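Participant: So the protein sequences, as listed, match chains A and B.
The first sequence begins at 1 in the numbering used here and counts up one residue at a time.
The second sequence begins at 1 in the numbering used here and counts up one residue at a time.
It should be emphasised that the hints constitute simulated quantities derived from the structure, not laboratory data.
Watch out, some of these pointers could steer you wrong.
List of simulated lysine-lysine pairs, BS3-like, C-alpha gap at most 30 Å [unchecked claim]:
(1) B:LYS57 to B:LYS69
(2) B:LYS57 to A:LYS41
(3) A:LYS67 to B:LYS59
(4) B:LYS69 to A:LYS44
(5) A:LYS36 to A:LYS71
(6) B:LYS69 to A:LYS41
(7) A:LYS22 to A:LYS9
(8) A:LYS36 to A:LYS19
(9) A:LYS22 to B:LYS79
(10) A:LYS52 to B:LYS42
(11) B:LYS79 to A:LYS41
(12) B:LYS79 to A:LYS40
(13) B:LYS63 to A:LYS36
Heads up, incomplete: computed chain B residues facing chain A, CB under 8 Å, no partners named [unchecked claim]:
(14) LEU11
(15) THR49
(16) LYS69
(17) PHE72
(18) THR85
(19) LEU87
Small disclaimer: the values here were computed from a predicted structure and weren't measured.
Every residue gets a Cβ at the ideal spot worked out from N, C-alpha and C, and that includes glycine.
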Amino acid sequence: DTAVSQTPKYLVTQMGNDKSIKCEQNLGHDTMYWYKQDSKKFLKIMFSYNNKELIINETVPNRFSPKSPDKAHLNLHINSLELGDSAVYFCASSQRGGEETQYFGPGTRLLVL
Amino acid sequence: EDQVTQSPEALRLQEGESSSLNCSYTVSGLRGLFWYRQDPGKGPEFLFTLYSAGEEKEKERLKATLTKKESFLHITAPKPEDSATYLCAVQANAGGTSYGKLTFGQGTILTVHP
Chain A
1 DTAVSQTPKY LVTQMGNDKS IKCEQNLGHD TMYWYKQDSK KFLKIMFSYN NKELIINETV
61 PNRFSPKSPD KAHLNLHINS LELGDSAVYF CASSQRGGEE TQYFGPGTRL LVL
Chain B
1 EDQVTQSPEA LRLQEGESSS LNCSYTVSGL RGLFWYRQDP GKGPEFLFTL YSAGEEKEKE
61 RLKATLTKKE SFLHITAPKP EDSATYLCAV QANAGGTSYG KLTFGQGTIL TVHP
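Same shape as in the complex, but just chain A (with noise of 0.2 Å):
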């Protein structure tokens, strides 16, 4: 009974290459979200979705679009990707965007070779 789940849980690709990571929760959350965790272990957010509606935009590139196609799932697609964007990729989910617990994935772990 995975609440939040991600695929795929690993990601090997080329520079130049575009690429999508997907995110299901089945808590009925209304809220989900993209989480960035670099090299240093920081986790920064990207972007947040309310019942399909873009919340949160951080400063992030063009290259990365996330996507909504119903209130359970939050795919995130990354066009030309850089070795900059080798990562590990949470997905989250809440109740709403307000103080509720953010629930998270088990993580994709992206490689740009």
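Starting from the structure of chain A, add chain B where the hints point.
Facilitator: Okay, now just chain B, sitting in the frame of chain A:
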């Protein structure tokens, strides 16, 4: 801009040796302070939320406290299975495009030796 600083960066303890982790923060109106535990290769696992100065929460060997400038995570008689990275995050009272945003510290890596 909201900032969170955790100390120490790494902490090694012997089993049973109690200690505390610190999380100092600056935020434009605190909505909530969150503690998470992260095991290697896994996502952060929620531990506690604190909302106002003076609040305390406990779970097994862990106790979190909050003041207006910092939070402490006290670990009493730790066991090797408590070894993990402990992350602190704040959420501000901002609305609009910052609604729900968590700002994380860099974490404290805790190692408990048997």
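Participant: All the hints need checking, so say for each whether the structure fits it.
Facilitator: How the hints compare with the structure:
Of the supplied pair hints, the one linking LYS57 (chain B) and LYS69 (chain B) holds, its CA atoms being roughly 17 Å apart against a limit of 30 Å. Under the criterion of a C-alpha separation no larger than 30 Å, the hint pairing LYS57 (chain B) with LYS41 (chain A) is consistent with the structure, at around 26 Å. Using a Cα cut-off of 30 Å, the hinted pair LYS67 (chain A) and LYS59 (chain B) is violated, with the two alpha carbons roughly 37 Å apart. Straight-line distance between C-alpha atoms of LYS69 (chain B) and LYS44 (chain A) comes to about 21 Å, which keeps the hinted pair within the 30 Å bound.
With a CA separation close to 21 Å, the supplied pair LYS36 (chain A) and LYS71 (chain A) stays within the 30 Å bound. Restraint check for LYS69 (chain B) and LYS41 (chain A): the C-alpha separation of about 23 Å stays at or below 30 Å, so the hint holds. Proximity of LYS22 (chain A) to LYS9 (chain A) is assessed by CA-CA distance (about 10 Å); at most 30 Å being required, the pair is judged to hold. As the CA atoms of LYS36 (chain A) and LYS19 (chain A) are separated by approximately 15 Å, the hinted pair is consistent with the 30 Å bound.
This hinted pair does not check out: LYS22 (chain A) and LYS79 (chain B) have alpha carbons roughly 36 Å apart, beyond 30 Å. Proposed proximity of LYS52 (chain A) and LYS42 (chain B) is supported: the alpha carbons are some 26 Å apart, at most 30 Å. Proposed proximity of LYS79 (chain B) and LYS41 (chain A) is supported: the alpha carbons are some 23 Å apart, at most 30 Å. Of the pairs offered as hints, the one joining LYS79 (chain B) and LYS40 (chain A) holds, with about 26 Å between alpha carbons and a cut-off of 30 Å not exceeded.
Distance restraint check for LYS63 (chain B) and LYS36 (chain A): the Cα-Cα separation of roughly 28 Å lies within the 30 Å cut-off, and the hinted pair is therefore satisfied. With its C-beta approaching chain A no nearer than about 15 Å, LEU11 (chain B) sits outside the 8 Å limit, and its interface hint is violated. Satisfaction of the interface hint for THR49 (chain B) is found here, the shortest Cβ-Cβ separation to chain A being roughly 6 Å, below the 8 Å cut-off. At about 19 Å, the closest approach between the beta carbon of LYS69 (chain B) and any beta carbon in chain A exceeds 8 Å, and the interface hint on this residue is violated.
Interface restraint check for PHE72 (chain B): the shortest CB-CB distance to chain A comes to about 20 Å, outside 8 Å, so the restraint is violated. Annotation: THR85 (chain B) was flagged as interfacial toward chain A, and the flag holds, the nearest CB pair being 7 Å apart, inside 8 Å. Look at LEU87 (chain B): its Cβ gets to within about 7 Å of chain A, closer than 8 Å, so that hint holds up.
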